[in-house]
Amino acid sequence: MENEKLSLPNYNIPEDIQNVVAITTLDRLYNWGRRSSVWPLMFGLACCAIEMIAAQTARYDMARFGMEVMRPTPRQADMMLVSGTVTKKMLPSIVRLYNQMPEPKYVVAMGACASSGGPFKEGYNVVAGIDKFLPVDVYIPGCPPTPQALIAGLIKLQEKIDKQSIKTVRWYDKNKADSNYVPMPILGPDLIDVRRNEEYKKAAATKESAS
Amino acid sequence: MTAPASTQTVDLAARFPESVTADTRPGFAGFIVKKENLLEVATAIRDEFGYDLLTAVTGVDYLAENKMEVVYHAYKTTGGPGLIFRVQVERADPVEVPSVTGIWLGAEYQEREAWDLMGIKFSGHPDLRRILMWEGFEGHPLRKDWKEAFFEEEVKPFKSRWPDGQHTYAEFKNPFRDNLSFPENFDPEKYEPENEKDLYASLENHTLKGEGGLKTDQIVVNMGPHHPSTHGVLRVAVTLEGETIMGLKPVMGYLHRNHDKIGERNTYLQIIPYTDRLDYFNSMSNNFGYCTTVEKLMKIPVAERAEYIRVIMAELSRIQNHLIFIGMLMNDLGTMYTPSLYAFEERELILDIFEAVSGARMMCNYFRFGGVVRDIPDDVLQKIKDLVVERIPAKTDEMERFLNDNEVLMGRLKGIHVINAEDAIKYSVTGPVLRAAGIPYDLRRADPYSIYDRFDFDVAVRYNGDLLDNYLIRFDEIRQSLRIVEQALKGMPQGPINSQKPAYQVRVPAGEAYGRIESPKGELAFYIVSNGKPNPYRYHVRPASFVNMTAIEHICRGSKIQDFVALLAMLDIVMGELDR
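In the order they appear, the protein sequences are chains E and G.
All the letters of the first sequence, read from the start, carry residue numbers 886 to 1096 under the working numbering.
All the letters of the second sequence, read from the start, carry residue numbers -13 to 566 under the working numbering.
The hints are simulated quantities; they were obtained by calculation from the structure and are not laboratory data.
Hints are not guaranteed to be accurate.
To be verified - Here are the simulated lysine-lysine pairs, BS3-like style, with alpha carbons at most 27 Å apart: (1) Lys145/G <-> Lys1006/E; (2) Lys1086/E <-> Lys176/G; (3) Lys130/G <-> Lys1006/E; (4) Lys519/G <-> Lys130/G; (5) Lys1087/E <-> Lys159/G; (6) Lys1006/E <-> Lys519/G; (7) Lys282/G <-> Lys130/G; (8) Lys1086/E <-> Lys133/G; (9) Lys159/G <-> Lys1017/E.
Go ahead and model the full structure; you've got the sequences and the hints to work with.
The following block contains the structure:
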């Protein structure tokens, strides 16, 4: 980001120290640092992952936006690019990876499958959108999205980061600390989302009384 | 050019008059074998008749006739047509059929898949567990009476999605407002998950025992499903003794997208875009395989110009697949990024051509029954010409020069044994891995489809079966593909691009078809059973990656863990195809 955008022009800085002193808000400085080095988790699920790789190669070069450092370990990643169909069998692993990522963390749903299930929505092993489990920041349409679309989506994420404030983001809010952790789903006769256990029991009870 | 093998088929019924009858249903071929005699007949098929390569094992659920059928497709590695034989049993849950893994080891994972999805129990199978779904999942999804949570109707087009009908979301029809269904009286809090004890028990059973000497502890390491070099969401449980792999079990299904079940709901035309997403590097090849199979069933010709376009697209697809293979292999071996960046540069140029003809970079959806959907514009033809005559041959040479003179790379590849010819056939391995082991088995020559019999090309073959040969054969295949494209460009006639009129519904007569093509990864085949309706009754994909994976345990046991990634890369798996 250029100097003009980072510093606040309203403050009157004496002319002789203007090139050594800049005044800005903590939010602006902090967001500027984060948005320029969003490290994605090196994590490919399906077809979209190939376009994600293509976006990093010479022709599209995601590195221009400070996002080229793919980290295979979630401990060092800032952003999870859910690139492909989320299946029920895979979901516990994805949730675990998300839980292991340190805050601030972002989730980008790349492509139709990650956003809503896409063409495979009706399948018995498919989760109809990762947003049923993880808080998604940006959805990128396409099947698969072209590298250009992916980069456009990531720029949207940067714009979102620009607008955040340390005071309000959920990971520094004591009351919302739970939202950084998603309880692990269980693979049972079907996918068990433990947050919805009550609902399942109620449904089983009504079925019983109906029969 | 060698001539294809003779088209004479055997008469199994004459050899086994008591236990084998010819299949007389209209549209069906092959033989029905009595369940009790299956192993005896199968042994004879392999040893007496010489069908050494069992390519596909799959089940069909005939709900109306109250029968379940297991269909086997066996071929000869010397070429020629195949032999279909099947076993029919009364429908039950589960049905039991003897396992043929003792005769063809390549049936192992396919039988596990049939158990998982169809509920066919193979007695005598060494390791019969679920393979694509998890242990503890309710039901066998590909049975005709099993319904998914978002079930709307048996077949598409769904009336609810028709313009004059009332549109509703699938979620609103489900009690959980989600893609879920639980058995009656299910209590989630009392449920105890399986915790994969079956997996670890089976891993222990199939582990080599250390041979005296130092007493060492074995440790179990799980690689994946999130791992940078498993080429997707594959998981492998490995038992290590020091650095040596003593036992190994792959766990798959992390990308199981229910291709077969969705395919059976779709109309024939609707399946084409789904096939794109099987092997997502080679959507053109997948289209090719599927359309060839349906055309076989419909008995329609393909427009002359379209045949050439198809061959050009399939071969371009093969070239970019092998380029990516080389780039990714370098990544796996530790030459991070630079070679793969070069490979992707060339791939982009080929994708440009795909985009120009079909409108999409990866998911082309380009083939139709009887031809292709759009003609190639002249400027694109010129582009292809420039690419295959000048750029790609030069870049392939350059890549070969830069990489193959590298001492470290050669050290990693030379002499690391992958698989020998005999075992490769036993495990039904096809594609470059089989050819690198010394068997010149290429479907374009061994069982020609489309117009491959018109081109002059060599079947790439190498004989050592080590990592180096497996790697070099990809360069050979790129060169042969370039030759084919060049000839196809020269021979391409003018004319219509489709022999049929464009139609949303196609008429497919009742019967079965097994169509196979040489995809860049091996034999890609589709098995379709039609009952004359607009949707396939049974739709099964026989992917190369999945069947080639059967050999992974055999390949890796006893080798070092650091070579494992390279050995896995050699099979050139892609998860979309492996898990479907």
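Each hint, compared with the structure:
Between Lys145/G and Lys1006/E, the direct Cα distance comes to roughly 18 Å. Compliance with the 27 Å bound is thereby established for this hinted pair. Note on Lys1086/E and Lys176/G: the hinted pairing holds, with a Cα-Cα distance of about 11 Å set against a maximum of 27 Å. Between Lys130/G and Lys1006/E the alpha-carbon distance is near 19 Å, which keeps this suggested pair within the 27 Å criterion. At most 27 Å may separate the alpha-carbon atoms for a hinted pair to count; Lys519/G and Lys130/G meet this at roughly 16 Å.
Our distance criterion of 27 Å between C-alpha atoms is met by Lys1087/E and Lys159/G, whose separation comes to about 17 Å. Note on Lys1006/E and Lys519/G: the hinted pairing holds, with a Cα-Cα distance of about 24 Å set against a maximum of 27 Å. Among the hinted pairs, Lys282/G with Lys130/G is consistent with the structure: their alpha-carbon atoms are about 25 Å apart, no more than 27 Å. For a cut-off of 27 Å, the pair hint linking Lys1086/E to Lys133/G stands: about 21 Å separates their Cα positions.
The hinted pair formed by Lys159/G and Lys1017/E meets the criterion: a straight-line CA distance of about 18 Å does not exceed 27 Å.
Every hint from the earlier list agrees with this structure, and none is contradicted.
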